[in-house]
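From first to last, the protein sequence lines stand for chains A and B.
Position 11, counted from 1, in the first sequence is what this note's numbering calls 11; the numbers after and before it change by one each time, with no gaps.
In this note's numbering, each residue's number is its place in the second sequence (first place is 1) plus 1000.
I should point out that these hints are in silico values taken from the structure, not numbers from a laboratory.
Note that the coordinates shown come from a computational prediction; the quantities given were computed from them, not determined experimentally.
Glycine included, C-beta positions come from ideal geometry on N, C-alpha and C.
Honestly, I wouldn't trust all of these hints.
For lysine to any residue, the following SDA-like pairs were computed, each having C-alpha atoms within a straight-line distance of at most 20 Å [as the list claims (entries may be wrong)]:
1. A/Lys67 x B/Lys1180
2. A/Lys71 x A/His49
3. A/Lys71 x B/Ser1071
4. B/Lys1183 x A/Ile38
5. A/Lys67 x A/Ile38
6. A/Lys67 x B/Thr1139
7. A/Lys185 x B/Leu1137
8. A/Lys71 x A/Ser54
9. A/Lys24 x B/Met1067
Label pairs and their in silico Cβ distance ranges [unchecked claim]:
10. B/Leu1141 x A/Val21: 27 to 33 Å
11. B/Ser1161 x A/Val21: 43 to 49 Å
12. A/Glu113 x B/Gly1074: 38 to 44 Å
13. B/Thr1140 x A/Lys185: 42 to 48 Å
14. B/Met1067 x A/Leu128: 42 to 48 Å
15. B/Leu1062 x A/Lys50: 30 to 36 Å
16. B/Arg1186 x A/Lys67: 42 to 48 Å
17. A/Leu125 x B/Arg1186: 21 to 27 Å
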Amino acid sequence: MYLSWIRGSLLLGFVFILAFVVMKPIGVSTEYVVIDGIYEYQQHHDLIHKDANSSSGYSSNNAYLNKSGGKLAEHIIHPKYYGMVFVLSIILGGLIGRLTSKKASKSMKQIPEFHTQTFGNKVFLRYLFVFVGGMLMLIGARLAGGCTSGHMMSGIMQTSISGYIFALVVFVVAVPTSILIYRRKGN
Amino acid sequence: MQLEIIEAIALGTLFGFALYKIGAADPDKLIGMLKLEDMHLAKTILGGIAIATITLFVGVLLGLIPMEHFSIKGIYWGVIFGAILFGLGWGLSGFCPGTGMAGLGAGRIDAYFYFIGGLVGTFIFASVYAGLTDTFLYTTLFSGVGTIVETGKATALFSSSWSPVIAIAIGIILFFIGYKLPKKFR
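With the rest of the complex left out, here is chain A (with noise of 0.2 Å):
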């Protein structure tokens, strides 16, 4: 029901070039900041201000969103940019993958097997995990300032050192973490 490995390969290797081409690499982890920032500013409106000695033309109390000229703090008050907006398209793009998928019924099985296999069916404790992990790579990203697209595969595809540091420290750190926390019972 998946691709197979080198029409897959061909199919995300086409989407990174053309991304790369068009407009720029593509990353995601970014966006999660401004997300972040658009819900915070509603709360605080002292969040973000117009400042004209920014590059970006606004600036922002909080140390993060004020580097770079600013540029979070701007594109929190212009949500409307090319990352937003690619970003949140991915949510379509899933969408219609499933909808185009003859036998997407094992993929949509809302405990992962690997999950079930260790824990049974909580499903309160997949949720835990998938929460936990989610806060764990999200700063994780933010530290290394890149995820597994800006970082691995653009990373790699552009021949930067980075990239292949992080794919290889995160691999050494993921496999030992899957294979401990999801043995199989009896095994």
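Start from chain A and add chain B according to the hints.
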């Protein structure tokens, strides 16, 4: 609508579609790869990076690539420590920031909890960032060398005009590794 927005919708949708079609939005496939039991996705990712690398640098040699689009991320201790946190979360969840979004579109409820967790994560990071900037985490490594071959955006290990050939060779090697990678190790 601005051209940039139309491009963003087209490319983002295509990216999400591709992630779904290769199985990357399916945590069973991702954890299967990380448990070394189903290497299908690893072969696809390696092949995808290889094809992108080869195409990119053949394009560079032919003068078809807008060189200003290159964007090279720095190397500092934070890349390594960030990767450790990222690896822990990946092994636990089976989603990535991008594949989680594709999973959301495919109707996965766990992807929703992943997304919320991610937003909490970036919130925590943005809150503590000011205190991290002066620490060793932001110390540059490898005296700032950013890429293997010349891109015009960072110091390169090989900086001659024929250096794109090295990138193409790396791409071919990556593809070969993907091709040779067994379907499973365990």
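request  = Take a look at whether the Cβ-Cβ distance between B/Thr1140 and A/Lys185 falls inside 42 to 48 Å.
outcome  = holds, 46 Å
key: Pair hint A/Lys67 and A/Ile38, alpha-carbon separation not exceeding 20 Å   = holds, 17 Å
query = Holds or violated: 42 to 48 Å for the Cβ distance of B/Met1067 and A/Leu128?
reply = holds, 46 Å
ask   = Are the Cα atoms of A/Lys71 and A/His49 separated by 20 Å or less?
value = holds, 12 Å
query = Within a Cα-Cα threshold of 20 Å, do A/Lys185 and B/Leu1137 meet the stated pairing?
reply = Violated. A/Lys185 to B/Leu1137 sits at ~39 Å, over the 20 Å cutoff.
ask   = Does 30 to 36 Å hold as the CB distance between B/Leu1062 and A/Lys50, or does it fail?
value = For A/Lys50 against B/Leu1062, whose Cβ atoms are near 45 Å apart, the range 30 to 36 Å is violated.
ask   = Taking the CB of A/Leu125 and the CB of B/Arg1186, does the distance hold inside 21 to 27 Å?
value = holds, 24 Å
ask   = Do B/Leu1141 and A/Val21 keep their Cβ atoms within the hinted range of 27 to 33 Å?
value = holds, 30 Å
ask   = Does B/Met1067 lie within 20 Å of A/Lys24 when you go C-alpha to C-alpha?
value = Judged against 20 Å, a Cα distance of about 10 Å means the pair holds.
message = Against the 20 Å threshold, does the CA-CA distance of B/Lys1183 and A/Ile38 hold or violate the hint?
response = It is violated: about 43 Å lies between the C-alpha atoms, which goes past 20 Å.
task = Quickly compare the C-alpha distance for A/Lys71 and A/Ser54 to 20 Å and report which way the hint goes.
result = holds, 9 Å
query = Taken at face value, is the distance from the CA of B/Ser1071 to the CA of A/Lys71 at most 20 Å?
reply = Satisfied, since the Cα-Cα distance of roughly 16 Å is no more than 20 Å.
Checked against the numbered hints given earlier, this structure breaks hints 1, 4, 7, 11, 15; the rest are met.
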